[in-house]
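Spelled out from the first residue to the last, the chains are:
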Amino acid sequence: MKPLSKANNLLLRWTQSEYLVLGLTILLVLAVAPFTPELISTGNLRNILSYMLPLFIIATGMTLVMITGGIDLSVTSIIALTSVIGARLMSHDGGGLPSSGAVLVMLTLGASVGALNGAAITMLQLPAFIVTLASMMFVSGFAVWLTQSKNIYGLPESFLALGQRLPIALALTAALALAAHLILHRTVAGRWLYAVGINPTAAHISGAPVRTITVSAYVASGFCAALASVLLTGRLETASPVLGRELLLDIIGATALGGTSLFGGRGKIAWTLFGVLFLTVLDNALNLLNLSQFSITLTKGLVILLAAVLDALRVRFHIHTPA
Amino acid sequence: MNRFHQRLIELAPLLLFVAMLAFFGAQSPKFLEPRNLANIVAQASSTGILAVGMTFVLLTAGVDLSVGAIMFVAAAVAGKMATAGQPMPFALVVMLCLSLTFGGVNAFFTAQVRVAPFIVTLGTLFIGRGLGLRITETRALNLPDSFLMLGSARFLGLPLPAWLFACVLVLAHVVLTRTPIGRQIFALGHDSEKAKKAGIPTTRILVVVYLISGLCAGLAAVVTLGQLGAVSPKFGEQKEFAAIAAAVLGGTSLFGGRGSVLPGTLLGTLLIQTIENGLVVMNANPYIYPMATATVIFAAVLLESLRRRIH
Amino acid sequence: MPPTPTPSTASKELLSLRDVEKAFFGVRVLKGVSFNVLEGGMLGLVGENGAGKSTLVNILGGNLKPDSGTIHFANALYAPRNPQDAAHCGLAFIHQELNLFPNLSIAENIFLTRFPCASRSPFIRRSLMHERTTALLRQVGLDIPPDRIVQGLSSGERQLVEIAKALSLEARLIVFDEPTTSLSERETARLFNLIAQLRAAGLTLVYISHTLSHVFQLCDDLVVLRDGEVVASGATSSFTPDKLVSLMVGRTLTNLFPQPKPNTVGSQGGVPVLEVRDVSQPGVVNQVSLTLHQGEILGLAGLMGSGRSELARMIFGLAPFQQGAVRVSGEVIHQLSPRNQIRRGMAFLTEDRHREGLCLDGSVADNLALVTLPQHGQPPLGWLSLESVRAAVSRIRSVVRLDTKANDTQPVRTLSGGNQQKVVLGKWLLSQPKVLVLDEPTRGIDVGAKFEIYTLIQDHAAQGAGVLVISSEIEELIGLCDRILVMRQGRLVDDLPRAEFNRERILSAALGSSLEVTA
Chain A
1 MKPLSKANNL LLRWTQSEYL VLGLTILLVL AVAPFTPELI STGNLRNILS YMLPLFIIAT
61 GMTLVMITGG IDLSVTSIIA LTSVIGARLM SHDGGGLPSS GAVLVMLTLG ASVGALNGAA
121 ITMLQLPAFI VTLASMMFVS GFAVWLTQSK NIYGLPESFL ALGQRLPIAL ALTAALALAA
181 HLILHRTVAG RWLYAVGINP TAAHISGAPV RTITVSAYVA SGFCAALASV LLTGRLETAS
241 PVLGRELLLD IIGATALGGT SLFGGRGKIA WTLFGVLFLT VLDNALNLLN LSQFSITLTK
301 GLVILLAAVL DALRVRFHIH TPA
Chain B
1 MNRFHQRLIE LAPLLLFVAM LAFFGAQSPK FLEPRNLANI VAQASSTGIL AVGMTFVLLT
61 AGVDLSVGAI MFVAAAVAGK MATAGQPMPF ALVVMLCLSL TFGGVNAFFT AQVRVAPFIV
121 TLGTLFIGRG LGLRITETRA LNLPDSFLML GSARFLGLPL PAWLFACVLV LAHVVLTRTP
181 IGRQIFALGH DSEKAKKAGI PTTRILVVVY LISGLCAGLA AVVTLGQLGA VSPKFGEQKE
241 FAAIAAAVLG GTSLFGGRGS VLPGTLLGTL LIQTIENGLV VMNANPYIYP MATATVIFAA
301 VLLESLRRRI H
Chain C
1 MPPTPTPSTA SKELLSLRDV EKAFFGVRVL KGVSFNVLEG GMLGLVGENG AGKSTLVNIL
61 GGNLKPDSGT IHFANALYAP RNPQDAAHCG LAFIHQELNL FPNLSIAENI FLTRFPCASR
121 SPFIRRSLMH ERTTALLRQV GLDIPPDRIV QGLSSGERQL VEIAKALSLE ARLIVFDEPT
181 TSLSERETAR LFNLIAQLRA AGLTLVYISH TLSHVFQLCD DLVVLRDGEV VASGATSSFT
241 PDKLVSLMVG RTLTNLFPQP KPNTVGSQGG VPVLEVRDVS QPGVVNQVSL TLHQGEILGL
301 AGLMGSGRSE LARMIFGLAP FQQGAVRVSG EVIHQLSPRN QIRRGMAFLT EDRHREGLCL
361 DGSVADNLAL VTLPQHGQPP LGWLSLESVR AAVSRIRSVV RLDTKANDTQ PVRTLSGGNQ
421 QKVVLGKWLL SQPKVLVLDE PTRGIDVGAK FEIYTLIQDH AAQGAGVLVI SSEIEELIGL
481 CDRILVMRQG RLVDDLPRAE FNRERILSAA LGSSLEVTA
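So the protein lines, in turn, are chains A, B and C. Anchor point for the first sequence: position 258 equals 258 in my numbering, and the numbering is continuous, going up by one each time. Anchor point for the second sequence: position 55 equals 55 in my numbering, and the numbering is continuous, going up by one each time. Anchor point for the third sequence: position 263 equals 263 in my numbering, and the numbering is continuous, going up by one each time.
Keep in mind that the hints were calculated from the coordinates and are not lab data. Check before you lean on any hint, since a few could be wrong.
[Claimed, not checked] The calculated DSBU-like cross-link candidates involving lysine-lysine, where the alpha carbons are at most 30 Å apart (straight line), are: (1) C/243 <-> B/194; (2) C/31 <-> B/197; (3) C/434 <-> C/31; (4) B/197 <-> C/65; (5) B/196 <-> C/243.
Since this is a predicted model, take the numbers as computed values, not measurements.
One chain only, chain A, in its complex shape:
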């Protein structure tokens, strides 16, 4: 095997680095800030953070699912459903449930949909793509049917605070992310999750409860979607049956960009954080530069292609690295 040339070596170290995407984010900020100093104003940073938190929550759940080698297309529909059901329960004619009760119901509902997804995938042995696709259509349709396409307003202050008061939202997000990180890094379940993603057969033979782990990943994903819904609904002050619909591809793109592999067995919460951060900052910067919606979407697409190429490079260099 030829020794790698110097340039290749640098490229190798670069692509292998966990902080590549974070570095790109910083580069991005440095590049754009001179043109739009508002980018780094406290107000704007609050904006970025506020926008980022629900995305990051969903992406965290998605990371767990992708580590097992699956995917969850139904997350945004879970956001919508939990949003409208929670809102309905809190409204006067829906039961007047206190916010805490509503949040609990939302989280349980999200987890339950996740459980159904997981059950279909493990017990019926159907591909995750199709199961969660059908799930997405059904749950979304259900939410629209329940509300007859109407949004729900007038949500109690205590609920809105969860999404609008940045310290609270930040605390919730941080708690979730920390929990997810610890589970992945510091529990038996986390190790099993990776094993299932790398080689479910070997994991099974080694005593890992493959089915339970897989279902749990989808339950977690549903739970995260519900939690994100709490924040989103609060922030927008509206419960909508189409809430979050446009976020799906952003979430998948950000998670993959961060380095979590679609094929399973690889992924970290920190990586997802970098991915979501990058995409959010990109979105924000392009908005501030007054670029049209077109440029923003176009750039996102190019970025995702870049992520794909990076992933391919990572895989190729990974294999050729000598023992």
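Fit chains B and C to the supplied structure of chain A, relying on the hints for placement.
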């Protein structure tokens, strides 16, 4: 498991389809009128053409998420050209060239750079949507009547879109069953390593497959333009999922190597469209359409998985 | 059409190998292999598993390149770069794992890369293709419509399709690799008829098989491989079955095995740790019973397909069985599953370490810790003590003598075969199993690592565990075990205590009646 049972399971989608027809026919006699049945085919044409292209990709164990966006961008360009006074045939040609180009981008990254098709086509999806939004300036574009003629012109009782769908189906069927490359696609989908060892030009085949998918997206855009006469920012949205569902319903496996356009994808598309049409004719609550469709898709996929298990 | 045989008195050599060498990771698998195949003749190639037959076949087939040595085919240098080259030169291979695509038809499989098309037309000329296929099928005696999907064909029929394909490629030499393992009696007879016809038409054949009676029946000449070397070759008439068997297994005794430790508990009268009673699964195993005692190393010999691995999988809960019972430490196990068996103190090192034993893209440490994770943290969400895991990993690394150059964080994929196997073994040893089942523990591993693994096995037994070793290398079982059981076609056919260990007896039991030369 004897041949009869095997045939029964093979025919499950067809039986499901017949059951649907019977159900909706019982709910409302208008449903089975020829005019309505022709409507179903016409309405299904756009998704159907898309699904045919998707079938090629799925057969190789890949996926193309960008088809809806390609539709959008092609329609947007045509709309812009039309409002600028360009002749319709020219606009149509440009649409098809553009969609082929997008297919080519997908092909390049998937077959040459060897990136996962999911990610590549996700990227081109964003790029396509973005370009489309730019061209339409995020507004709706109304197209001149010449386009609507495409949608409404009838020949032997069936509108043009249905004929286009039929042509695409037949062409695709012939390619898949009667040409070397068609058969090699199945081999590749079954096991790409084995196929390569057997001397099959796997890279070339993958390129062709994504080009086909792109082209079908362009054709689907033509049909939809003809039927809607306008391009809105939501043109083609989520159509990729409908295409995948239709193909999978028709028996095409997500894992490659198994599937057909005739009768498979045709049935899958018609099944989905029948549900929607049937629900409309029986004046069902429009809010239950997505749920009904999702349930049928799920049931059909379950059936397919059982079929696989038995084999 | 195969060429008509030349009328000269002395047959020329069609294929000739000279000093072919091949090594993997420094382990010599083929050591100066030389032999000839006469044109129009039929050569039988025999040898135990691991003797180098498959490597040889892969080299001839263009899948591997020899490290040194030359091969000549039809008087020209033969060095195929890929399977297509091999086919082009006129060599065809009927492998055990057929290269057919089950989702396509017979005709399509045969003509997959050279469909007959009308001139200037992209369409396949179906009728022509079917005609040609029917003709080919007739040649091999298969009366099946050419448009039948391969999925529905039996192994025997598929094999005939492969042969038809070889004929369509105008092969001059066909290599049969273990062709009768999945065939019924009738299909075997049909195959032999066809072979006779092919020979009459002038084709040259190479026949590789464990079924020695068939080899005697069909082949003109024999080549015996052992440990990568040709230990004998010549006309079939110059061999007797017994001589053949002893050539296959005989080996100069070097100190390949560690001295057996004095068993503290002993195999006789020790407490049974694993009892298998009358386990049956139609078509796989038939009324198999065995008892494994504390401190005992029990060997399970037999050919591939005799049911040994399948039995082990049943015991561990990976495969179902209709009748029979499994007891671990006296307790009947009802819900057989890997998890349950692991909890009861059982460990199972599977035959296929790449697909079932290792997470190849996972790190060395992660693989080593996988089975015993619950020891370091309460599953599922209890706090995992990374220190404790690290200590255990480090401990087991030194126990199995894992290469010190291999980093804990390195992906296991990058290790050599021997080290990979040590990782799998280490993973299981960490759980301190009372019953250790090993399926081909030293497959594809160099001599040095083998010795270390044998030592580990003996140490573990000396500490009181019962070890069941499945192996195709009789030497290995003889050197390692206290007792050897032999399985053939799903049944236990022999049981030898150490005092009665005898290579020929074991191999004969494994080969069974196939050793009798039929008229």
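Evaluation of the provided hints:
Proposed proximity of residue 243 of chain C and residue 194 of chain B is contradicted: the alpha carbons are some 40 Å apart, above 30 Å. Restraint check for residue 31 of chain C and residue 197 of chain B: satisfied, since their Cα atoms lie roughly 28 Å apart, inside the 30 Å limit. The straight-line distance between the Cα atoms of residue 434 of chain C and residue 31 of chain C is roughly 40 Å, outside the 30 Å bound, and the hint therefore fails. Of the pairs offered as hints, the one joining residue 197 of chain B and residue 65 of chain C holds, with about 16 Å between alpha carbons and a cut-off of 30 Å not exceeded.
Our distance criterion of 30 Å between C-alpha atoms is broken by residue 196 of chain B and residue 243 of chain C, whose separation comes to about 43 Å.
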